[in-house]
Structure formats: C-alpha cells, structure tokens
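Model the placement of chain B on the given structure of chain A, informed by the hints.
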Amino acid sequence: MSMHKSAGDTGRMRLAPQPGEVIDRDHTISFGWNGSQYPAHPGDTIISALAAAGERVFSRSYKYHRPRGVLTASYLDPGCTVQVGDEPNVRGAHRLVEAGMDVRSQNTWPSLRFDVKAVNGLAGRFLSAGFYYKTFIKPERLWPAYEKVLRRFVHAGEVFPDTPRGYYDKRFAHPDVLVAGAGPAGMAAAVAAARAGAEVMLVEEEHHLGGHLRWGDKADLALLAELTGLVANTPGIEVLTDSVVIGRYDDNWVGVVQRNLPNVTERLIKARAKTLVVAPGLVERPYVFEGNDIPGVMLATAARRLINLYAVKPGQRAVVFTANTEGDAAVADLERVGVDVVRVEDARRGGRLIRAHGRTNLRAVEFACSSRVDCDLLVTATGWTAPTSLLNMSGHDAAYAPGAARFLPDQSRLPPGVLAAGGITGDGRSDQLVAHGDAVGQEAARRAGASGADTALLPALAVPEHPQLFRAHTHGMVDFSEDVSSKDLHAAVKEGYDSVELAKRYTTATMGAAQGKLETVNTVAIVAEASGRTVAATGSTTWRPPYAPVTLGALAGRSLEPVRHSPMQAWHDAHRAVPLVAGQWIRPEHYGDPDAEVRAVRSGVGIIDVTPIGKLDLRGPDVPKLLNLLYVNKWSKLDVGRVRYGVMCAEDGVVLDDGVTGRLGAEHYLMSTTSSGAATVWEWVENWLQTEHPDWQVHVTPVTTAYASINVAGPRSRELIGRLGTDIDLDPEAFPYLHVRTGTVLGVAGCVLWRIGFTGELSYELHVPAGHGLHVWERLLTDGADLGATAFGVEGQRILRLEKGHFIVGQDTDGLTQAYTAGLDWAVKLDKVDFAGKTELKWQRERANHPRLVGVQPVDVEVVPPEASQILLGGQIAGRITSSRMSPTLGRAICLAQVDPRLARPGTRLRVRLPDGTDIAAEVTEHQAHFDPEGARQRV
Amino acid sequence: MSDTAAAIARSPITVAPPATQLHGWEVSGQRSTADLTLTDLTPLTKIAVRAPYDGAVRDALGTPFGRAVADAMGRLVIGSGPGEWLVLAGVGDGTTVQGQLDQAIAGLGEFVSIVDLTHGRALVALTGTRSADLLAKVCGIDLADTAAPDGTAFRSSVARVVTDVVRHDTEGTLTYLLHCERSSGQYLFEALLDAGAEFGIEVDGFTVPGFCAT
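Quick note, the sequences are listed as chains A and B, same order. Just so you know, we're using the working numbering here: the first sequence kicks off at 1362 and counts up by one. Just so you know, we're using the working numbering here: the second sequence kicks off at 622 and counts up by one.
Derived by calculation from the structure, the hints in this document are not laboratory data. Yeah, the Cβ is synthetic: ideal placement off N, Cα and C, and Gly gets one too. Do not rely on the hints blindly, as some may be mistaken.
Claimed, not checked - Listed next, with one range per pair, are the computed distances between beta-carbon atoms: (1) A:K1998 <-> B:T794: 53 to 59 Å; (2) B:T794 <-> A:P1982: 43 to 49 Å; (3) B:T717 <-> A:Y1610: 38 to 44 Å; (4) A:D1612 <-> B:D766: 20 to 26 Å; (5) A:T2052 <-> B:D771: 56 to 62 Å; (6) A:G1944 <-> B:T654: 38 to 44 Å; (7) A:S1964 <-> B:T654: 55 to 61 Å; (8) B:T654 <-> A:D1956: 54 to 60 Å; (9) A:G1756 <-> B:D771: 36 to 42 Å; (10) B:D766 <-> A:K1579: 40 to 46 Å; (11) B:T717 <-> A:E2094: 33 to 39 Å; (12) A:P2055 <-> B:D692: 27 to 33 Å.
Isolated chain A, as found in the complex:
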C-alpha cells in the first residue's frame, strides 16, 4: 500500500491534501460509472470521485432532459441522483463510494452524453407547466399507449423484481433531549444537555459531525476538533450519523431513520423526546437566471465542500457572484487551490448577473452592460433558506424578514417542548453559535426535567442583513428536480393559479426530491413578483413530514406477523394438513381427502381440532343476567351440568355470534363463541359489564387457548372417549345431549366434556388443559384405530354441518342479517324484559318482509353453484347462495341460500345465475337440513 498519493492519482482534478479533507489517501478503491472504471478514496462520495476525475455531467433533468452536474454537492443536490446496482434514486453527492460499486445514470438513453430524449428541449413550448393536464387525454382508448410513452420519460431509476431484501428494523427510544442537527450549535446543545444530566440523542444527516465547520478555515477546523472531542467524551450522548429526523408529531413523537448501522440497511426509530432541539443550520439557495442549471454552475457551499472535504478542484477558470461572506470565503478557497478566479461580481456593490452560456458545459457568463467572461465555473452565493420544517410541524410558521431575505422562526412562539438553536434563528461567528447552542442545550435539559440544570435565559443571535436576491432579469430554473422554470411560474400565475399553494400544485415546484429546501423561497418570491405582492404577503407552502424521503423498507421494518397455533399443530404438520389461514390462526383445512373424512365421521368416528373456538370463563352471581342481556333466548333456568345454544345480536338486531354456554357450577359458566368472533364477543361482554352494568358481579376470563378443544364426532364417539379412561359417566341416561361434565380424562384433571353437535352425529367436545392437548389427540387416534378414528379438518366440518343445515355466522349471515332472517324465530324471546337487539327484532317480526335462510337443492344434482351465486326473480336479484358443497353422504349438491320472502316456501323453483352467466334451476327444500332433519343421529 503506497503512502500519500499525489494529486492526479485519483483524477486530474484531485488537489494536494487539504487540512479538513475526509478522504483516506492511503487507500484507493475502484468503482464503475456507466460501465467504465474510476478510482476513488475511502471517504469520497460518488460525485466527488467522479468530479476528481474531471466528470461534470451526472444526470439528465426530468422533463427536458437537460444535462446536469453539481449544484450543491450535498444530499439535496438535484443533478446527482444515480442508480447504484439495483438501488435507484441514490443521492450521489451523499453516498460514499464502496469498492466494486456499479453506478449508472438514470433514465438516459442511449447514453448520458447523447440522450435522445433531450429533443424535449426543442418542444419546450409544448411541455410547459401542467402539460399533462392538457395533453395525452383523448382519445381514452389510447391511454395504455400514452402510459407506455410517458414511462420512457419518467426520471427515476429502475427497481428489479428479484432485488435482494435489505434488513430493516425498528426501535423505540425515549431520550430526554433529541437534537436534530450536529453543526456547532447542535453539538454544543447536546454536550450542554448531557452535562446537565439529560439522556441525549444527537442526529446528523451527514456522515460526520460538524456542519459547515467542516469546510471552514483553520479556526473552524480547530473548533470542530474540540466539539467532536466533547461529544465523544461526554457520557449520555447517543450519536447517529447518516441519519435524519423525518418528522415531529404531537407531543414530540419524532421519527428518525438511522443508516449508520453495520448490519442494518435502515432502522426507523420512533422516539418520544421530552425536549426537541432543532439545529439544522441553513441551506444555501440557488439564484434564478438563464443557464443556471448548466454543469459548471454551482453554489458557494458546493465549491467549498469539493475543495475542502474532498480535495477536488471544481474548475479551472472561475467567476464568482457573491452577496455574502460564504461567497467571499469561496473566492479565497478557489484562489488558494490555484483556480483562476477571473471575475468577482459583488451583488452588495451593485453587481448584476444576467445569464450563463453553455450546453453540457459552462462556457461563459454574462453580466450587466453585456460584459461577457469566458469561464468553466460559476459560483453563486445569493442567500440562505432556513429549513424550518420541524418547527412548522411543531405548529409554528416562521415569518419572512425582508431585511435578512429569509424566513425566521420566533423562539417564543414554539411549544414548550421544542427549541431552536444556531443558524436557523439568526447568525454569527462560530463562537456565538456555540454559545447559543450551549444555552439552548441547558434549557432543553431543564425542560426535560433532568436534574442539575439552571434556568438559562435564551440569548438571541443577531440577524444579519442580506440583500434580497431571487431572480435575475432573465428566466431560469427554480425547481431543478421537477424542471420548473420561473417562466412556468409566471405562466401559472397568469393562468389564474396565483396563490403559492395553487402554483405549487399546478407546476409541481417544490414537490421534488428536495421537497422545497432549495426551491420554496425562490418559488414564493417569483409568485410574489408575478402577482404583484410582497414575499411576506404571499406566504409559504406547508411543510409536512417526512422531512426527507423515507423508504418503504424503513416503514415496514421486520415483517413479523403474529400467528397462532393450537397444541396439536405439530401433528397436523406431520400429517400433511393443508393449512387454512383463519385470522391469525393456522388451522388444518383437510389432510388430503375431505370427502373421505366426512364419510369416516358419519360411519365411525372422526376428531377435529377446534381449539380456536372462543371460550369465556364466567363467574359470579349475576352471570344469568349477563346471558339474558346478550343472548336472544332465556337463561334464568339453566341447571348445573346443562348446556344451551344461544345467539347474540347487536343492537340493530343483526346476528353477531352464536355458540353454546354450559353451567359448570352454581356461579360458574363456560361460554363458547365462534372462533372468528372470540375477540369480538369478549370485548362485547366487557363493554356491557364495564359501561352499562358495573354493578353486576361478573368476572370474565378468556380461556380460549387455556384448553385444547377436540370435537369427537360419529356413531362410535362415545366408545372412543370411553377407551381413553375417564371418571365421567358416559352413559346416555347419565349424560344426555346438551349437557356438560368436568372431570379427568386420560389422567388429565380439569377437563371439560360437552355433549353438543355441529356435525349432526353423536359427538362430544373435549376440552383438555392445553399443555396436554397433543398427548390426548394422539391417544384418541391410536386407541381408536380399530374404530376407524380419523382426523378431519375444517373443510370436512363445513360439509358435515351443511348436510345438517347448520348456519355459520358470517358465512350464511352478513352485516344486515337480523335474527328472524336466519330462521331463529324459535330462539328470540320477545317476552324478555330487555336484551341487546330486542327493539329492532320486534320491529323486524312485525314487518315480516325480511329475507329467509332456506335449504336449496339444485335440480341437476351434479352442479354445485358457487357460493354467492345470485338468485334472480323477474330480472332482479332476489337472493344468493350462501353455502354450497357436493355432499359425499348424499351424493348430490346441497346449498343454503338467503332468498326474498316470496321465494321462501318449500318447493319453490329458483333461478340461480352462475358466475359464467348461465342459469340453473333449484328448489327450496322442506328443511335447512338435507340429511337427518329430525336430528335423530345426535341424540343416541
């Protein structure tokens, strides 16, 4: 590895070592740019390395495909967006070079140098602001073609479908003080707050701390070293570089995207900061004039960054148009490194810039009195914009100060938890900025409640005078990202879009990647001049989060979706169960042959895992009151050991849920709900108890997953349970249908055994303390092998219950299905004093014009009309098929349907419209049950 490289080894524009440079000259790496290899030093950005090699054109603009080069040499630089590998829209003047990078210009064809789409420039007249509101509209049938054409002109990179996923995650944080911006004021504020005992989070967008000190003079660099040391050595400061505060929400809920972690692409930090210190400094503003976007025209801060941070000569022969000390310092830096500064035009002494000449490269600059200077570099320093976004998001809109030519925040109008520090509030020498930051930091700690901080009187920074320079007498680019010129803004105002909000949306000025930081003030000033108002009167647009663009990856984080498994999941997986996603549950849909599973249940015995069924443990003397209130039927006289089926309706009479509730003890009940309704019913019950009847003594404990629930169904189910060994008397006399018992099964105490039926066969529902579930499940199958014991899944159960005509809430009922529609006439006890839904149900019964749920038999028994097939009457929709299957037990198609009351009589012929547009005939059956309508099989 060779020692100090001399200038020229990594490019003809590379300078000798500079005191504040951030590049590591001891190492050289290589990367690709549009297919050719270029050298770079660690610490170079993509753009600084290319600029060192003498490259000047890095992109083509959005609409007109004009060549673009360096403007700001910072994250915001609009002409430096490139594609890196499979990552589009990379900020080339911020992204550090890595060995082997494959960098390409975006959307240039066939090449960056000879972009055919630059022909746009000639058609400029027809591509003025809002052209897409006026063109590509008719004829509509050509929209797909227009879209193809417009796509070719979109200025953005490419995303590849098979791009490898980055690692994104999230974190919560609760800092006492969050400092946004680590320039001199921000660093001083962080140190002061930490010294006062606060936990501080310091967030800096750049790769290094220091802000503008980094490209400053010797004194600035010395101060930078001192502050950097203090930050590193003061305990309690968490430093995040290459990270950005993306927004401030109510009560200092702050989002930060962190990018400086070794194994994490981006981390989204959601922070609740007790105090927020906003110290973003100032953003230099471009000047609007003809030719202001030609490569070779750049801001003073850009020239100084290139020289001082990256040791890159920005040009050979320079002209400087300056209105402030930054421009003056740029002159000094340029001369120091041997750039021929042929003209300094001082705006403070009446200097006037007219236009720049050149196409892919700057050739000359024109001044007042038609004097023209040949040059390859024009540096402008015409003003500063305060990036007040976070303050606006805190509820404070800065006012325009004409004397300072910028918007200034008023510290006294900020909410108590938000403070502003440093250049954004005024200006001064570096030591003054540090003093300001120090005072603000102490105050921030005090407001955060950290101990040891004295009340600090916040000093104010002086606000220096600055000439108002926005636009020369010629027209130029205002928004470089969106290709919006001052001419476009004048045209928009003329067309009637004379408010800044309208002009912004019509022209899209400020809506590009920089989100207004480079454009807003110029836009406001030009709209003001075009509409004959002052800047202050014109106002500004609204700054909204995010402050900087956020990737979807950062917002998504780790893709962790909660998933719920029953204790028997391992068995289902091992036996090739087809998984059914039911909310967060994964359930077995079937094990390969649902029809065979149905036959096994009807002929022998089957077992199904129904653990997701909602189960609520209800205790207390007032449980019957609760049941009477929430179910439509009566519950006052339920003996211990008995079970009743119940239906719950909402207050509009719509069926909410159904299930069975059993009485386990004097003041102990167990309520079951549908699996998808488990959470809803729990909330429903708690809502009524807590808000309407806090006086009732009822305790509700969800035990849905405390039990593994197994439904054992089929003519031989009693036999099988008996084989397991239980102290519960299974004799049908002792344990009739719709009863419940508790006891020990297979040596497991605390089991609940219900005799209920959904499948229509003799069946028991066994609830086992969940930890024992798998063991009991496996034993049922091994002990019942000779009985034909078979596992069956949700699909098999659906077929079985449809054969029996049992409705499923949410399947055969919908958001409008009131109880009488579902055929629950027998259950609704209107003579109860009160219950949820009673008023509506009374009225439903009186009106009697509601749809009916009926059993339906297709005339062609082989055809199963898909669920939701419409039923037609006289050309109108008069119902739909709600459930349908081919029944393995009966060998024919069976259905449930909701129909218009005129069609509800058994024997009525129905016309069913299939999804393919054909119609079939079907008949309303006598019962909803197609099989064993008397229910004889389950009462044995």
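Structure of chain B alone, referenced to chain A:
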C-alpha cells in the same frame, strides 16, 4: 386399553434440545452462558385472581396494580391490572396455591374469582444487561430505571401481541418476564430472538426462578 401414565404437558414453544421432564412438563435442558438469554418458563403455575382493586383482598395479596412482589410463600404476586392479579409459583403447585388463595380470601366478603391459567399463558424470561435494548425494539414503553424500575408490571404490545411485562431482576441482572395468551407463544419467542440477534441472544433451558425458592 388406556394406560394410566400421566399425559406429558407441553409448552407452545418448541423445546430446545435436550428435552427433559419436570413435574410432568417437557422442559429444555439446554444451558447457555451468553450475556443475553431467553428462557421458556411456561410450565410455572399461573393463577389469575380478580377482586376489587382497592379492597381487603388487595391488601391480603400485598401487591398494588403495576407492581410485582415476591412473597414469603415462594410466589411472585403481580398486579397486572386494576383488580387483576397473576400469582406465579413453581411447576405443579397449582392446587397448593389455589388452596392458599382460597384461605387468604375466605371471610373477606369481597367478590373474588380465582382461575388457573397455567395452561393458558406462555411465559418467558429475558435476562441480561441488553434486555431493555432488545425490548425497546419491539415495545414502545419507556424502560429506563426512572420509568420502569425493578418490580414494575405493565401490559402493552410486544411485537404486535398483547403481552404482560414484569421487570424482576435476578441477582442484580436486568430481567423481564413476558407472558401472552398461549397460542401466540411460539411467535413471541421467535420475535424476541429476532430482535435479540444483534446482541448475540441465546436460548437458555428451564431453571426454577429465584422467587420460587422457599
């Protein structure tokens, strides 16, 4: 044809080998010396008590809402919610603890329910200095000592699952007990391991917690 051997009880969290048994529960015998560990403690007895939030039963239990206190009977009594407690005890002690609680509340004249949720909750312990940093990735509650000191109990969202969190430092090492309804247990375990990967988290096998020692 049925045998009378007791059925083995299992946690919803897949056991890290080697698997052994403890009082009828399948537990992990793995041992880790990593700085940050995650342990499945699901087999511990967990009894839920509901009673008035400010009455005699609350005094008898000795723990207010939001706190967790290890008592002299080898139990950790957690004030999980207003009028809601969870009592943690050793594996297999369900009947004993129920009896103790029945005795404690007898004659106090308040409306009380006692429900055994040993099988209904998945319970894990997160131990190590970086525990709070891990939790901060999946839980939005402020875990600083000033906000959540040792003995704090709260209920919040952890990795998008409703979870009870109890800070119960073991021998001076930062430790959090987390429990959720059983069926989400495996998911919560995996989510915590995912969040802890950057800290070098490892799975440690079952160990009887300190508060169980009598």
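Hint check:
Checking the proposed 53 to 59 Å range against K1998 of chain A and T794 of chain B shows it holds: the Cβ atoms sit about 57 Å from each other. For T794 of chain B paired with P1982 of chain A, a C-beta distance near 46 Å keeps the hint of 43 to 49 Å intact. Distance hint check: the CB atoms of T717 of chain B and Y1610 of chain A are about 50 Å apart, inconsistent with the given range 38 to 44 Å. Separation of D1612 of chain A from D766 of chain B is about 22 Å and conforms to the stated range, judged on CB atoms against 20 to 26 Å.
For the pair T2052 of chain A and D771 of chain B, the beta carbons lie near 36 Å from each other, so the given range of 56 to 62 Å is not met. Against the hinted window of 38 to 44 Å, the Cβ-Cβ separation of G1944 of chain A and T654 of chain B comes to about 40 Å, which satisfies the hint. For the pair S1964 of chain A and T654 of chain B, the supplied restraint of 55 to 61 Å holds, since their beta-carbon distance comes to about 57 Å. Look at T654 of chain B against D1956 of chain A: about 55 Å separates their beta carbons, and that is inside 54 to 60 Å.
For G1756 of chain A and D771 of chain B, the hinted distance range of 36 to 42 Å is satisfied, since their beta carbons lie about 39 Å from each other. At roughly 44 Å, the beta-carbon separation of D766 of chain B and K1579 of chain A lies within the given 40 to 46 Å, and the hint holds. Separation of T717 of chain B from E2094 of chain A is about 37 Å and conforms to the stated range, judged on CB atoms against 33 to 39 Å. A hinted range of 27 to 33 Å holds for the C-beta pair P2055 of chain A and D692 of chain B, which are about 30 Å apart.
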